[in-house]
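K.L.:
Residues per chain are reported as follows:
There are 2 protein chains.
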Amino acid sequence: MLFVIGPGHGAPAALAALWLEGSLGRFYPNKYSTDRKGLNNLITKFSVPGGFPSHINPETPGSIHEGGELGYALAVSFGAVMDNPDLIVTCVVGDGEAESGPTAAAWHAIKYLDPAESGAVIPILHVNGFKISERTIFGCMDDKELLALFSGYGYSVCIVEALDRIDDELSCALEWALSEIRHIQKRARQGKPLIKPRWPMVILRTPKGWGGPKKVDGNFIEGSFHSHQVPLSKAKTDKGHLEILGEWLGGYGVGQLLPEGRPAKSILEVLPKTDSKKLGQVKYGYDAYQPLVMPDWRPFAQDKGTQASSMKETGKLLAAVASKNPKGFRMFSPDELESNKLDAILDNTGRNFQWDEYSRAKGGRVIEILSEHSCQGFMQGYTLTGRTALFPSYESFLGIIHTMVVQYSKFNKVAREVDWRRDLSSINYIETSTWARQEHNGFSHQNPSFIGAILNLKADAARVYLPPDANCFLSTVDHCLKSKNYVNLIIGSKQPTAVYLSPEDAAEHCRKGAAIWKFASSNDGKDPDVVLVGIGVEVTFEVVKAAELLRTLVPELNVRVVNVTDLFVLAAESRHPHALSRKDFIEMFTDDKPVCFNYHGYEKELQGLIFGRPGLHRMTVEGYKEEGSTTTPFDMMIVNGVSRFDLAKRALRATSEQKTSLQAKVDDLLAAVNSELAKVKDYISSEGKDPDDLYDMPTGI
Amino acid sequence: MLFVIGPGHGAPAALAALWLEGSLGRFYPNKYSTDRKGLNNLITKFSVPGGFPSHINPETPGSIHEGGELGYALAVSFGAVMDNPDLIVTCVVGDGEAESGPTAAAWHAIKYLDPAESGAVIPILHVNGFKISERTIFGCMDDKELLALFSGYGYSVCIVEALDRIDDELSCALEWALSEIRHIQKRARQGKPLIKPRWPMVILRTPKGWGGPKKVDGNFIEGSFHSHQVPLSKAKTDKGHLEILGEWLGGYGVGQLLPEGRPAKSILEVLPKTDSKKLGQVKYGYDAYQPLVMPDWRPFAQDKGTQASSMKETGKLLAAVASKNPKGFRMFSPDELESNKLDAILDNTGRNFQWDEYSRAKGGRVIEILSEHSCQGFMQGYTLTGRTALFPSYESFLGIIHTMVVQYSKFNKVAREVDWRRDLSSINYIETSTWARQEHNGFSHQNPSFIGAILNLKADAARVYLPPDANCFLSTVDHCLKSKNYVNLIIGSKQPTAVYLSPEDAAEHCRKGAAIWKFASSNDGKDPDVVLVGIGVEVTFEVVKAAELLRTLVPELNVRVVNVTDLFVLAAESRHPHALSRKDFIEMFTDDKPVCFNYHGYEKELQGLIFGRPGLHRMTVEGYKEEGSTTTPFDMMIVNGVSRFDLAKRALRATSEQKTSLQAKVDDLLAAVNSELAKVKDYISSEGKDPDDLYDMPTGI
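Those protein sequence lines, which keep their order, are chains L and W.
Counting along the first sequence from 1, when you hit position 445 you're at 445 in the working numbering, and nothing is skipped either side.
Counting along the second sequence from 1, when you hit position 155 you're at 155 in the working numbering, and nothing is skipped either side.
Keep in mind that the hints were calculated from the coordinates and are not lab data.
Wrong hints could be hidden among the right ones.
[To be verified] Computed from the model, here is a short list of chain W residues facing chain L with C-beta under 7 Å:
id, residue
1, S100
2, I195
3, Q256
4, L258
5, S339
Note that CB positions come from ideal geometry on N, CA and C, so glycine has one too.
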């Protein structure tokens, strides 16, 4: 059993239990041994520099969830038990957290839990009536309202609220919950599953600050918001406060419970005899990583010079991954699998939605719930207990779980600093249906800002890939699913696009992260007058086409085309492990020639990333700039200033400042480009579609 | 009555009705007149460049909600009716959207609605059983489950599902809902409010794609996910598809309904007689802005040279705003008002939570619900119907509604391009309890990334302020609450900090956005050898202290201190309306001296913002870098490399490269700074707190 604690500042209760059972002593033998010295450290170092924080964090043995930002405990718990048939997660949800949307959605998670293959969660909704200072919604609901609500969600509810016998009642409630779970699981595992099984949950009502001081300075403390965090704020200076503190703590009889600073025999007797069953030492929580069995990706690769959808080919690869890993791989998707053209995975597996009487899919590796928060929570719980997951999404909607990823990454960072925690798989995102292809959805579906969320994470864990074609995409997915401890974001197109590189060249390109594309450059990319850089599928196509255009207009101009597939190669040297050395950077981008970046994301992000690189004044960046509607793909390039024509003009202007031979004719050249651009604009606005010749395969492939 | 449509691609239904009732003809007389030409345009331009998109957007008359990103329709609807006692919003929520967390939380919104002062929402949960391709949770719940769930939420539920008489049933259900609302409102407005009134809601079950083709190419269309978006994808090329399309559309009898391309008399008869009651012409939705009556902020200002909490003083100002605007101002806060020290507002108003039997606060201007999504949705609805709201939050948790703000801003951008939509107040955020002060909460509460969300919005609407002291904060809040059409983010400290500027100087500083602080500079800031720039409260204090330190160590070094309070003054010229001109920029930052930025947010954001400014190679940026725990404020400065000592070293290193007289002794100076730093670190780690002298008032104030 694992224990997930939702309530903020909930760490002290867990820490006390972890010290009593010796888990702190095992993982921190010099600091928190189960004796007077350890006890002293536990108390005096609490919530000060060098000690445990007041929220749960990865330094807390047994924890799989960063406390603090509320709302995710429940979804994480359900993710943890998926495909772990012997695991039960007890999850306490506070009545503050319960007001949050992500929690409100996550109650439905039982509907995605197959009792034959997965474990179970015992949710305990702890209703104490107050948040930091306002009353809670759930605290103001009576028992009938609560019973109706949670019965409606699908639970069998037990309310525990008799304060005079609460230990017995809670104990009985948990025994009941366990027996309900065993019954549901037994039936399912015997092949006679219950239809819509009513999973157990407990609602625990106690006064906030129960057992603490009743009244201080005329204010009620117990049963009031005043008990939040620090009930006796002046204990250091006010004698009255100190006295109340003494009475309160004295009431626990610590002398008998902890004779000579060690747990009394009566406590030791109730602890599990086996270490691996103790709250802080359950292996699921810190040492459970099972690497995926990965199929070879190359059979799914496409011929160079064809057109292919990165998502369709990736769907086939993922189908093979699902086949080879029937218990260790899952996909969580907010209802866009089919739209994102990843549905080939459904050839080898199904969706796992138990409430649907027509499917009751067994063993399905895909969950599609229209709650990004639930998808993310499931992925976190699944990953933190050792398995591997993938979260594909429309590009614009991954930002919904921006702060969840930041919280997860904080957990991940500190977990890597804790020596007793073992590796985890990476968490993996695929973004498609990007802003560049919004002929059906439009402005609301144009938001590449999730890249920015990853850019600000710690460099040793953050990875952003924008593979330019299907083969690079496959190679990148393969790499990410094998990688450990990262946050991987992979962005690509679901529409068929040019395959520039053979599988071998794609693998090499992804290894390097960026390369000069000789086939798209003039003079094989040597001695460039200007460097055009594409980062992202559609904007890279425009780069290749701009180079073609410039070759036709100004044959004497040496244009080098660079594609960046691993965004972090551009980071200033030493700021990211993938950052190109200064020498390699200059070799690729020169140290004085104009560099025009055509970037998939917001320009400021890339500008911030390359800050510190030599010669920034010669570099220009254009990207998505919040312009667009339901319109054609090429119109999206135009309105955001990243079309081949815009780029060609940018290159001509920048180069003509340096290259004297160009200065005389630059105005004519710009006029020629403008006239081409005007023709395309006219066509789009009159026909409502793009001219067919825009999508011709680039020359030189 | 306003109509809010949650379901994606839900625009066509609304557009058809808007054309029929003449609202499209009124607002787009040349394009969508109520005749054959207008009808032709409506059909042929739908979802192509220049026409209406398939999701609701601000070009749709009567809309107050950007369709596309699902989950927010319900909260927006409730925000719209607050303080609008005569308004009813009918809100359709699809069963896809209903799976989202934000919607799941927003059902509780009735508990924050006082029927005496506010209008009502009629939620219609439309259950058609399918999302894009997977079945829905709600579609797989039977009537008993749905009744239990929504009764638990507090609703009185009417299920409409008899397909053979659905128009009658739906009509009856709406009449019933209206009468329930009138009853609840009447009782409350007579001073005899119902306790926990059971507001009405409707659950409408119909097959997905109802009325469309039954079967195409062997696939069921009606009643299946195949009807999503485009049921007959090959109608252009496949004769069979075209035939089915003809039968389907022919079945509506368009010839009788629209003789000669105009609505038949039978249709015109059921339309409201008054234009202002028509779906698309209700004034609440496009022309309802009521500016706030603003009190003078200066009486709340503090004396220069004292210490003051920006939040405490702002709380008092907001109390005055609440008094002066009993119906046009609200604060939405996720349960942190008291912790954020803004609780002075409660002296003049209360919390508005109806379910709490002990308060049943009447007229309270504050809602505290632990759902950032609900707070944001309420604020949007409230603002879009003409009033003004403020959303204060812990800094780290505003990122939770990152994508909602982007969606709102998209609505706002297009609304400003639509000539018949009038001004709106800005939406306003206060961020406090920042990463710099995490002695109680720690790592999970350290996330300044919401700044990045605002940086990527369209420049003409995006505003980010980091006022350095309480007086600047007050002046900024005053400005923001009066401003129109922006997204304002204001970041400050809740702890007492130095007041550097008199109220007059503060007002002037805020007007300019940035200034040289002579009192903190050497040589009155003239002829600097190095420019130190503070952006944000705590990091600016470190800048001032670093200048002091350098003055002591190297009296001959001219140090200029600059504070930036309006972040966008730094944007490259022409990239933002507030951007300093090149001349002003150089006057403030020189064109060749080292510039060391000490920035409150992530360094990459600022680096991206200043890209394009002259001489980037001489500039260095440090900010929050994902380091910290529950630790002392000064330790947070140290671990993130923005302490006075780090900054002094940065300045010395950078300046010594230019200033030859410094080169000989720079190593000694660095050693001296390091030794000071080591002393502070030792003290913090041994005592668990910061040395008192760190917080001395800066000299020169």
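K.L.:
Give a verdict on every hint.
P.N.:
Comparing the hints with the structure gives:
1. Using the Cβ-Cβ criterion of 7 Å, the hint placing S100/W at the interface with chain L is satisfied: the shortest such distance is roughly 5 Å.
2. Interface restraint check for I195/W: the shortest CB-CB distance to chain L comes to about 11 Å, outside 7 Å, so the restraint is violated.
3. Against a cut-off of 7 Å between C-beta atoms, the interface hint on Q256/W is violated, since the closest Cβ of chain L lies about 30 Å away.
4. A hinted interface residue such as L258/W counts as satisfied when its beta carbon comes closer than 7 Å to some beta carbon of chain L; here the least separation is about 23 Å, so the hint is violated.
5. The beta carbon of S339/W is positioned within 7 Å of a beta carbon in chain L (closest approach about 5 Å), and the interface hint is therefore held.
Of the numbered hints listed earlier, those contradicted by the structure are 2, 3, 4.
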